[in-house]
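Build the full structure now, drawing on both the sequences and the hints.
Here's the letter readout for the chains.
Protein chains: 2
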Amino acid sequence: MAKPPQHAIQPTRSDDYPEWYQQVVRAADLAEISPVRGCMVIKPWGYSIWENMQQALDGMFKATGHVNAYFPLFIPMSYLEKEAAHVEGFAKECAVVTHHRLEPDGEGGLRPAGPLEEPLIVRPTSETIIGEMYAKWIQSYRDLPILINQWANVVRWEMRTRLFLRTAEFLWQEGHTAHATQEEAEEETRKMLEVYADFAENWMAMPVIKGEKTAEERFPGAVATYSIEAMMQDRKALQAGTSHFLGQNFSRAQEIKFQDENGSEAYAWTTSWGVSTRLVGGLIMTHGDDDGMIVPPRLAPQHVVIIPVLRGDDTTTLVMEYCEKLKASLEGETFNGAPVRVMLDRRDIRGGEKTWQHIKKGVPLRVEIGPRDVESDSCFVGRRDQPPKQKQSIPRKDFVGTIADQLESIQQELFNRALTSREQVTRQIDTLDEFRDFFTADKANPSAIHGGFAHCHFAEGEQMESVLKELKVSLRCIPLDAEEEDGKCIFSNQPSRTRAVFAKAY
Amino acid sequence: MAKPPQHAIQPTRSDDYPEWYQQVVRAADLAEISPVRGCMVIKPWGYSIWENMQQALDGMFKATGHVNAYFPLFIPMSYLEKEAAHVEGFAKECAVVTHHRLEPDGEGGLRPAGPLEEPLIVRPTSETIIGEMYAKWIQSYRDLPILINQWANVVRWEMRTRLFLRTAEFLWQEGHTAHATQEEAEEETRKMLEVYADFAENWMAMPVIKGEKTAEERFPGAVATYSIEAMMQDRKALQAGTSHFLGQNFSRAQEIKFQDENGSEAYAWTTSWGVSTRLVGGLIMTHGDDDGMIVPPRLAPQHVVIIPVLRGDDTTTLVMEYCEKLKASLEGETFNGAPVRVMLDRRDIRGGEKTWQHIKKGVPLRVEIGPRDVESDSCFVGRRDQPPKQKQSIPRKDFVGTIADQLESIQQELFNRALTSREQVTRQIDTLDEFRDFFTADKANPSAIHGGFAHCHFAEGEQMESVLKELKVSLRCIPLDAEEEDGKCIFSNQPSRTRAVFAKAY
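These protein sequence lines map, in sequence, to chains A and B.
FYI, the numbering for the first sequence is 792 to 1297, going by our numbering.
FYI, the numbering for the second sequence is 792 to 1297, going by our numbering.
Rather than coming from a laboratory, the hints here were simulated on the basis of the structure.
Do not take every clue at face value.
Since the list gives no way to pick out one identical chain from another, each pair is judged satisfied if it fits inside one copy or across any two copies.
[To be verified] List of simulated lysine-lysine pairs, BS3-like, C-alpha gap at most 25 Å:
no., residue 1, residue 2
1, Lys927, Lys1145
2, Lys1145, Lys853
3, Lys873, Lys883
4, Lys1118, Lys1182
5, Lys1279, Lys1263
6, Lys1145, Lys1116
7, Lys1118, Lys853
8, Lys1116, Lys853
9, Lys1027, Lys853
10, Lys1188, Lys1027
11, Lys873, Lys1001
12, Lys1279, Lys1048
13, Lys927, Lys1116
14, Lys873, Lys1279
15, Lys1118, Lys883
16, Lys1180, Lys927
17, Lys1180, Lys982
18, Lys853, Lys873
19, Lys1145, Lys1295
20, Lys1027, Lys1260
21, Lys1116, Lys1188
Dropping the structure here:
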């Protein structure tokens, strides 16, 4: 067996984080670039993680009273024109369908034919098409609230794409709700932010800051945008989910009206909220290490992989039988309310190569079984949150009996680790010099990772904007749990009552 | 309470079947036409049925070794050109993306801008884009088989659309597999046909004929196409799922090559197979009656609806408490391996209206609970496979204790009924006159439903084609279980060894 390299992923995180990311996506077989500009192919391991995310989120949406439905992929161009800020936000990057067939071009190829009367936009988000339907469905206060979610693909013609983080097509869910009162719509907006935070922290093991965006960073057409912000290992923030209170902006633009209890006509109050396959990117960048992906157990397609270590002699049958039995007994146990997911890797390739594949994919627990383990009725176990060579022999019965605890412990460890990482790069900053310093690379060591979350007093305005632009930093959000305190904006010296959190971001 | 009409759906099936279908889709709140040409909005009740179909099928796909992945929505125009029959099949009806942004048109509106170098097609099916990836992924026989399924939306620019049955955009799954040998690929093709037949019969309660398509009806580019064919209540067939053996046609067009065990280069053998939201249409047309939809219990979003019948007096609390308890105890029971799904309809609308809504939606079991039912500790139960007024009082304990049996009995009854219906309209036909007669409307009663499945000896050729065209009949398939027997083609008198099944079709 060839000696494995010191780290399975080259370059390492500290060498070159962006390239490390691409290499993890490749090594873990999560996704790859497709021949179609900006679109990715999500490979089975990556898709399976997304399926687990979907299932968890879908359960949470349903538990909070939502139902799923499906709306058209296409949006008539004229719909986008209805909400001014909205068109401004999306018109510059959308796929436009102009024809409905192909015909021979006379040179052996094809050309578009059958021009459409009105061009169609491939949905970049569905407020306008869904709002159009809601306007039909909602007549009376009795028709409210409408609490609908959609799982769908959307397209935004990004010029610079990165697998999972920013692609022209991505998969997501978009919730769209309509309410009779402002209070109820605001409550819904915050409730869904809580759902996202709960999911991020308890399923993804990714700590997040819940906060409100400033006007500058709002969703096009929203009255208020809330987000959850996570900190990646390269000290950049990732916006991991957003929830928008749309006020009556869309309902006025689209005539979503109803008769209230007093018989008067009123516009509905709407919300929208979404998370996307970008979360898979967040998972990689939160937990991955220099050996590849680490999948938190609650989202792992496989919790345990069993790797038979065969000598090619007469012990093979014995080892394989032991592995099969082990698999069955592990599958009889439950973790997080469902049977433990176990893969027995029967492939005829070398054990070392096999083991490294599963390390790179981030399977939480690896069990190597050779003739000696069978003899001692034990399991040789490696935890993905520990170094690859730190393995331990555990009596089979103990291993099987405590499997849920072990998985839970990995889940918890990943969260704690991410939280510690975040705390290490979080500063309360009170001067512009310190702020500049925090977000400026070390001249002696320009490739060294720097920055993080800076909590600062602020006042929106040109002075702040110009510094942020210069440093390529953004105001991520005003944390919901920010305490009121007297302070001065570090950019303008104006009085400030609360701190916002700043970071470089994806 | 207004007396309900004799039938909840007008017109009835025998009055005007196509219009009855539209009215059921509306009355059951399954879907509606969207403002986007040819695209539908799948409403929560309809989508929930589709989700249940997805879940069942997905489990069957995984149990047969498949994994899910996701490929791009767009296909470069040049890809379609690679497989000649394939482009012929799809070029005439596809959405073509030609621009990637919108700009102001100078008159307050927008116009497409940013022309693409190469137009993109919104996938009508994904053989070409998936094949392109497989060509990269497959190097050696060790990389085979690849067994991938995708859940996705696809677009085919149909000019005449009908909700669920034929829409420009629809949801489906498409399996795409690649194998080292012809035998293995053929086995896969037939295995997935069996999965579809199993699903249709055991989940949808819809009997199907499994068979092979003739050359004329094959998927564009396939060597062999198999389908499952169901009989609707208007005596028209519905193709409910297809499985294609693609031979090496696509692998040659796309260079999907591998080194076999002997080190020689070989083209892979590929298959594809799919079912779509069309199945929801099949469900309606197989089981629906003149009061609306009937959802087979295994696919029903709700198995039981509890409808409190309140007098507006002091018995209200008592009734509601009884209903809540009943709901909880029903949910403690299991059906088909999962908890019984129960809805307690707490809405403040009249009991009669409520009951009829659930009848139209096709909920398998309705339980009305009034003060007298509480007093006698019983349930007043209506089964959706029986007339609306045929209800019976059942002691609560018996009702709860036998809930799984009752649901299973409805499932079985629906299948039996559909099978009987199909048998009643199935003929073995041996003369052209009889064939014409079978498929020609009664002049005295031209709107009367006629036709069905005709099993006939046949020989492909112009004589057959011209009769079929004239009668608007198609050869559905050659049943896999057709026995060999000597016969003569009813169209041409040529010798024939097996019967095909003919029908008018959707």
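Verification of the supplied hints:
1. Taking the shortest Cα distances, Lys927 and Lys1145 sit within 25 Å of each other only across copies (21 Å), while inside one copy they are farther apart (56 Å).
2. Taking the shortest Cα distances, Lys1145 and Lys853 sit within 25 Å of each other only across copies (22 Å), while inside one copy they are farther apart (39 Å).
3. Taking CA atoms no more than 25 Å apart as the test, Lys873 paired with Lys883 passes inside one copy only; the shortest distance there is 16 Å, against 32 Å between copies.
4. Taking the closest pair of Cα atoms, Lys1118 and Lys1182 come within 25 Å of each other only inside a single copy of the chain (19 Å); across copies the shortest separation is 50 Å, beyond that limit.
5. Taking CA atoms no more than 25 Å apart as the test, Lys1279 paired with Lys1263 passes inside one copy only; the shortest distance there is 22 Å, against 80 Å between copies.
6. Taking identical chains as interchangeable, the C-alpha atoms of Lys1145 and Lys1116 lie at most 25 Å apart only when both belong to the same chain, with a minimum of 20 Å there against 53 Å between chains.
7. In this assembly of identical chains, the alpha carbons of Lys1118 and Lys853 lie at most 25 Å apart only when taken from different copies (18 Å versus 33 Å within one copy).
8. For the homomeric pair Lys1116 and Lys853, the shortest alpha-carbon distance between copies (21 Å) is at most 25 Å, but the shortest distance inside one copy (37 Å) is not.
9. In this homomeric assembly, Lys1027 and Lys853 never come within 25 Å of each other (Cα to Cα): the closest approach is 33 Å inside a single copy and 38 Å across copies.
10. Taking CA atoms no more than 25 Å apart as the test, Lys1188 paired with Lys1027 passes in neither setting, with 44 Å inside one copy and 60 Å between copies.
11. In this assembly of identical chains, Lys873 and Lys1001 lie within 25 Å of each other by CA distance neither inside one copy nor across copies; the values are 31 Å within and 50 Å between.
12. Taking CA atoms no more than 25 Å apart as the test, Lys1279 paired with Lys1048 passes in neither setting, with 44 Å inside one copy and 67 Å between copies.
13. Taking identical chains as interchangeable, the C-alpha atoms of Lys927 and Lys1116 are never at most 25 Å apart, the minima being 58 Å within one chain and 37 Å between chains.
14. Taking the shortest alpha-carbon separations for Lys873 and Lys1279, neither the intra-copy value of 40 Å nor the inter-copy value of 65 Å comes in at or below 25 Å.
15. Within a single copy, Lys1118 and Lys883 get their C-alpha atoms no closer than 52 Å, and across copies no closer than 52 Å, so neither meets the 25 Å cut-off.
16. Taking identical chains as interchangeable, the C-alpha atoms of Lys1180 and Lys927 are never at most 25 Å apart, the minima being 62 Å within one chain and 33 Å between chains.
17. For the identical chains of this complex, Lys1180 and Lys982 are neighbours neither inside a copy (44 Å) nor across copies (43 Å), given an alpha-carbon limit of 25 Å.
18. Taking CA atoms no more than 25 Å apart as the test, Lys853 paired with Lys873 passes in neither setting, with 31 Å inside one copy and 45 Å between copies.
19. Proximity of Lys1145 to Lys1295 under the C-alpha cut-off of 25 Å is found in neither arrangement, the shortest distances being 38 Å within a copy and 55 Å between copies.
20. When the C-alpha separation of Lys1027 and Lys1260 is checked against a cutoff of 25 Å, the pair qualifies only within one copy, where the shortest distance is 15 Å, while the shortest distance between copies is 65 Å.
21. When the C-alpha separation of Lys1116 and Lys1188 is checked against a cutoff of 25 Å, the pair qualifies only within one copy, where the shortest distance is 12 Å, while the shortest distance between copies is 41 Å.
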